[in-house]
Amino acid sequence: MNLHEYQARDILRRYGIPIPDGDVAESPAEARAVAQRLGGKVVVKAQVHAGGRGKAGGVQLAANADEAAAHASRILGMTIKGLTVHKVLVTPAADIASESYVGIIVDRASQRPVLMVSAAGGIDIEEVAATTPERIHRVAIDPRYGLLSHQALGLALRLYRDVGQARGAAGIMGNLYAACYAVGASLVEINPLVATPDGKILALDAKMVIDDNELDRRPEIAALRDASAEAPSEVQAREAGLTFIKLDGSVGCCVNGAGLAMATMDLVQYYGGAPANFLDIGGSSNPQKVVAALRIITADPHVKAILFNIFGGITRCDDVANGIVQATQQFPLHVPLVIRLTGTNEAEAVRILTAAGFSALTDMDEAVQQAVAQAGGAVGGGAA
Amino acid sequence: MSIFIDQGTRLLVQGITGRDGSFHTRQMIGYGTKVVAGVTPGKGGRLFDGVVPVFDTVADAVRDTRANAAVIYVPAAVAASAVYEAADAGLGLIVCITEGIPVLDMTKVLPYLHERGARLIGPNCPGLISPAQSKVGIIPGNICTPGRVGVVSRSGTLTYEIVHQLSTHGFGQSTCVGIGGDPLIGTHFTHCLSAFQADPETDAVVMIGEIGGTDEQQAAEFVAKGMTKPVIGFIAGQTAPPGRRMGHAGAIISGSSGTAAEKMAAFARAGISVMKRPADVAPLLRERL
Numbered sequence: 001m002n003l004h005e006y007q008a009r010d011i012l013r014r015y016g017i018p019i020p021d022g023d024v025a026e027s028p029a030e031a032r033a034v035a036q037r038l039g040g041k042v043v044v045k046a047q048v049h050a051g052g053r054g055k056a057g058g059v060q061l062a063a064n065a066d067e068a069a070a071h072a073s074r075i076l077g078m079t080i081k082g083l084t085v086h087k088v089l090v091t092p093a094a095d096i097a098s099e100s101y102v103g104i105i106v107d108r109a110s111q112r113p114v115l116m117v118s119a120a121g122g123i124d125i126e127e128v129a130a131t132t133p134e135r136i137h138r139v140a141i142d143p144r145y146g147l148l149s150h151q152a153l154g155l156a157l158r159l160y161r162d163v164g165q166a167r168g169a170a171g172i173m174g175n176l177y178a179a180c181y182a183v184g185a186s187l188v189e190i191n192p193l194v195a196t197p198d199g200k201i202l203a204l205d206a207k208m209v210i211d212d213n214e215l216d217r218r219p220e221i222a223a224l225r226d227a228s229a230e231a232p233s234e235v236q237a238r239e240a241g242l243t244f245i246k247l248d249g250s251v252g253c254c255v256n257g258a259g260l261a262m263a264t265m266d267l268v269q270y271y272g273g274a275p276a277n278f279l280d281i282g283g284s285s286n287p288q289k290v291v292a293a294l295r296i297i298t299a300d301p302h303v304k305a306i307l308f309n310i311f312g313g314i315t316r317c318d319d320v321a322n323g324i325v326q327a328t329q330q331f332p333l334h335v336p337l338v339i340r341l342t343g344t345n346e347a348e349a350v351r352i353l354t355a356a357g358f359s360a361l362t363d364m365d366e367a368v369q370q371a372v373a374q375a376g377g378a379v380g381g382g383a384a
Numbered sequence: 385m386s387i388f389i390d391q392g393t394r395l396l397v398q399g400i401t402g403r404d405g406s407f408h409t410r411q412m413i414g415y416g417t418k419v420v421a422g423v424t425p426g427k428g429g430r431l432f433d434g435v436v437p438v439f440d441t442v443a444d445a446v447r448d449t450r451a452n453a454a455v456i457y458v459p460a461a462v463a464a465s466a467v468y469e470a471a472d473a474g475l476g477l478i479v480c481i482t483e484g485i486p487v488l489d490m491t492k493v494l495p496y497l498h499e500r501g502a503r504l505i506g507p508n509c510p511g512l513i514s515p516a517q518s519k520v521g522i523i524p525g526n527i528c529t530p531g532r533v534g535v536v537s538r539s540g541t542l543t544y545e546i547v548h549q550l551s552t553h554g555f556g557q558s559t560c561v562g563i564g565g566d567p568l569i570g571t572h573f574t575h576c577l578s579a580f581q582a583d584p585e586t587d588a589v590v591m592i593g594e595i596g597g598t599d600e601q602q603a604a605e606f607v608a609k610g611m612t613k614p615v616i617g618f619i620a621g622q623t624a625p626p627g628r629r630m631g632h633a634g635a636i637i638s639g640s641s642g643t644a645a646e647k648m649a650a651f652a653r654a655g656i657s658v659m660k661r662p663a664d665v666a667p668l669l670r671e672r673l
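Those protein sequence lines, which keep their order, are chains A and B.
Counting in this note's numbering, the first sequence runs from 1 upward without gaps.
Counting in this note's numbering, the second sequence runs from 385 upward without gaps.
With the rest of the complex left out, here is chain A (with noise of 0.2 Å):
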């Protein structure tokens, strides 16, 4: 789960991490009475889950109130990559020395979180790894002693040649290291971090992700969803316990399993056609959860046809079955509908599908065939 900019300067700043005042507004006349608060200039930011606010024009610099109320109203209901801006964050226009870059992530080969300074701050990080890596300095951390101060001190002096300003970066980075815990990030980015010509070390930006996995056991966290900020079908898919990411093509897809749905969107595409999107309906197969699935496909206007691609294990295929039965009695299918089922209980799922007009098919590129046959046949050069 993706934090805002204001919700991970709150946890920052509870963590002890010098951040720079300032509030979140929802209307220009409250981006404006945080302005007149706060004095002088101000940048107002889109708050969205997408990178790249600013190269979109949803970061502005306000020299007063008035201007922050104008910024605002041009910057809320703005959209950055498909997602509208219902918030902006307005904070003191900081004066800035010198910027940097400092993150810890959960790296997959080090089995450590693994904290990562750059001087290149305030630009993306990913480009300065791909560009120029020998700029970022990192250190891989045993979670059972934590960050040691010598590890901390090391990369700051990496940024900061004057001692007291390393030894302020070093504090912020423990600090970092132990918000990562205590809210279980998998990760949190300070970017830029920057002195100020008078010397002192400030965390201008925040970004923070949360791991799923740890929302059951930290309600307070969890509380922090701003489903307004996703998009509504996957908003729906995630309350009916299902994996929906939407894509761009016409051929709607329903399988099992994470890894089989991936391989199923690969096939689509192999036979010419394109997926218009992941879903997981997990692998206990309740016929409830197959009626929301087709819902929530059947939604996208784009959807031309529709593939179920079921390999029974846990899940069972007459379970599945039911649902796509259940389904077009509660609301009408308008695009046909292409069904592969295999594995458990297959021979009672091929007798309740055929009962109800349906028939199944129980081999994977057949079926997928013959949906992007349905959607309307290959799309560009198909490598078939």
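Calculated directly from the structure, the hints in this document are not laboratory data.
Possibly wrong hints are sitting among the right ones.
To be verified - Just the calculated beta-carbon pair ranges, DEER-fashion: (1) A:197 to B:459: 49 to 55 Å; (2) B:625 to A:119: 53 to 59 Å; (3) A:302 to B:663: 23 to 29 Å; (4) B:394 to A:355: 42 to 48 Å; (5) A:49 to B:440: 27 to 33 Å; (6) B:578 to A:163: 46 to 52 Å; (7) A:248 to B:495: 56 to 62 Å; (8) B:459 to A:302: 36 to 42 Å; (9) A:77 to B:652: 34 to 40 Å; (10) A:330 to B:625: 29 to 35 Å; (11) B:428 to A:142: 47 to 53 Å; (12) B:448 to A:248: 37 to 43 Å; (13) A:129 to B:578: 55 to 61 Å; (14) A:61 to B:625: 28 to 34 Å.
Claimed, not checked - Calculated Cβ distances over 12 Å to all of chain A for the following chain B residues: (15) 418; (16) 430; (17) 443; (18) 459; (19) 529; (20) 531; (21) 579; (22) 582; (23) 587; (24) 611; (25) 628; (26) 642; (27) 660; (28) 668.
Unchecked claim - Residues from chain B that keep clear of chain A, each with C-beta distances beyond 10 Å, as calculated: (29) 406; (30) 486; (31) 567; (32) 646.
From a predicted model like this one, the values you see are computed outputs, not experimental measurements.
Ideal Cβ placement from N, Cα and C applies to all residues, glycine included.
Put chain B on the given structure of chain A with help from the hints.
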């Protein structure tokens, strides 16, 4: 033969009285797995289905039954602690089916296991099966046939699809291992490839990877340097968009790294035959064997 499990596997089930644990224990016993003990705190002293003794702790169970492997079906909230307990009791093989262990917990679990020399398979995995010998986990036994092809995969149902293709086309399996879809896991492709390479009864390996991380690239390096047996590879997620978690916690393209294209290229460079779709597995194996 087989890797990791065989007829000598004496299995202990953590969470044997739970909904998933009891269902899959019956399936495993039905397949012929020697399930020698179950553990559910507070239910020690009972018999599961009248045959499997239940203990309060893993240590008690190991002492009384000489169990040598554990499988974990407990809820996510207590799964990490179940792994610690199994390792403390001296078990050398721990298979964690449970999905949902926080990744920061795994950063502490993995060094603990490493220090004790225990092998963890998973978490968030379907387990493993050595057809006609032993099944530990949830892979459906009826799709597998005994034979000489090793299978290792990050996925569940996609593995079943490919195993089904193998069985249908006359390629039986020595062992099928599902290593799990999480970002931090105990057993990687390289561990399984190395074990299959050493197994005299495995002739070829099918490796099923997906987007996210660099496990497949490391596996490719291993194949290029240390494997003489043919390897067939598949990568799921060629159509996955970057930055989105595709169901598995570990299946995510970060920035431009972890894509299917880079993994398939690494496979090809290492001499691994790359499947474009699941149905390619049997023809490619026929070419290489």
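Okay, the hints, checked on the actual structure:
The hinted range of 49 to 55 Å is satisfied by residue 197 of chain A and residue 459 of chain B, whose Cβ atoms lie roughly 54 Å apart. Distance hint check: the CB atoms of residue 625 of chain B and residue 119 of chain A are about 32 Å apart, inconsistent with the given range 53 to 59 Å. Residue 302 of chain A and residue 663 of chain B have their C-beta atoms about 28 Å apart, which keeps the hinted 23 to 29 Å range intact. Checking the proposed 42 to 48 Å range against residue 394 of chain B and residue 355 of chain A shows it holds: the Cβ atoms sit about 47 Å from each other.
At roughly 46 Å, the beta-carbon separation of residue 49 of chain A and residue 440 of chain B lies outside the given 27 to 33 Å, and the hint is violated. Range check, residue 578 of chain B to residue 163 of chain A: about 48 Å between beta-carbon atoms, so the 46 to 52 Å window is met. In this structure the hint that residue 248 of chain A and residue 495 of chain B lie 56 to 62 Å apart at CB is violated, the actual value being about 43 Å. Roughly 39 Å separates the CB atoms of residue 459 of chain B and residue 302 of chain A, a value that falls within the hinted 36 to 42 Å.
Take residue 77 of chain A and residue 652 of chain B: their Cβ atoms lie about 48 Å apart, and the range 34 to 40 Å is violated. Restraint check, residue 330 of chain A to residue 625 of chain B: a C-beta distance of roughly 30 Å satisfies the suggested window 29 to 35 Å. Separation of residue 428 of chain B from residue 142 of chain A is about 36 Å and departs from the stated range, judged on CB atoms against 47 to 53 Å. Residue 448 of chain B and residue 248 of chain A have their C-beta atoms about 59 Å apart, which leaves the hinted 37 to 43 Å range violated.
Roughly 30 Å separates the CB atoms of residue 129 of chain A and residue 578 of chain B, a value that falls outside the hinted 55 to 61 Å. For residue 61 of chain A and residue 625 of chain B, the Cβ-Cβ distance of about 32 Å falls inside the hinted range of 28 to 34 Å, so the restraint holds. Against chain A, the non-interface label of residue 418 of chain B holds: every CB pair exceeds 12 Å, the least being about 22 Å. At the 12 Å boundary, the C-beta of residue 430 of chain B stays outside the reach of chain A, the nearest C-beta of that chain being 25 Å off.
For residue 443 of chain B, the non-interface assignment is confirmed: its Cβ lies about 23 Å from the closest Cβ of chain A, beyond the 12 Å cut-off. Listed as a non-interface residue, residue 459 of chain B fails to keep its Cβ farther than 12 Å from every Cβ of chain A; the least gap is roughly 9 Å. Under the 12 Å C-beta cut-off, the non-interface status given to residue 529 of chain B relative to chain A holds; the minimum distance is some 15 Å. Even its closest Cβ contact with chain A, about 20 Å, leaves residue 531 of chain B beyond 12 Å, as expected for a residue assigned away from the interface.
At the 12 Å boundary, the C-beta of residue 579 of chain B stays outside the reach of chain A, the nearest C-beta of that chain being 20 Å off. Under the 12 Å C-beta cut-off, the non-interface status given to residue 582 of chain B relative to chain A holds; the minimum distance is some 24 Å. Non-interface status of residue 587 of chain B relative to chain A is upheld: no Cβ of that chain comes within 12 Å, the nearest being about 25 Å off. The claim that residue 611 of chain B lies off the interface holds: its Cβ sits roughly 21 Å from the closest Cβ of chain A, which is beyond the 12 Å cut-off.
Taking the minimum C-beta to C-beta distance to chain A, about 5 Å, the non-interface status of residue 628 of chain B is violated against the 12 Å cut. At roughly 9 Å from the closest C-beta of chain A, the C-beta of residue 642 of chain B falls inside 12 Å, breaking its exclusion from the interface. With a minimum CB-CB distance of about 6 Å to chain A, residue 660 of chain B fails to clear the 12 Å threshold, and the non-interface call is violated. Separation of residue 668 of chain B from chain A is adequate, the least Cβ-Cβ distance of about 15 Å exceeding the 12 Å criterion.
At the 10 Å boundary, the C-beta of residue 406 of chain B stays outside the reach of chain A, the nearest C-beta of that chain being 14 Å off. Non-interface status of residue 486 of chain B relative to chain A is broken: a Cβ of that chain comes within 10 Å, the nearest being about 4 Å off. Look at residue 567 of chain B: its CB is around 5 Å from the nearest CB on chain A, not clear of 10 Å, so calling it non-interface is violated. Remark: the non-interface label on residue 646 of chain B is consistent with the geometry, its nearest Cβ contact in chain A lying 13 Å away (cut-off 10 Å).
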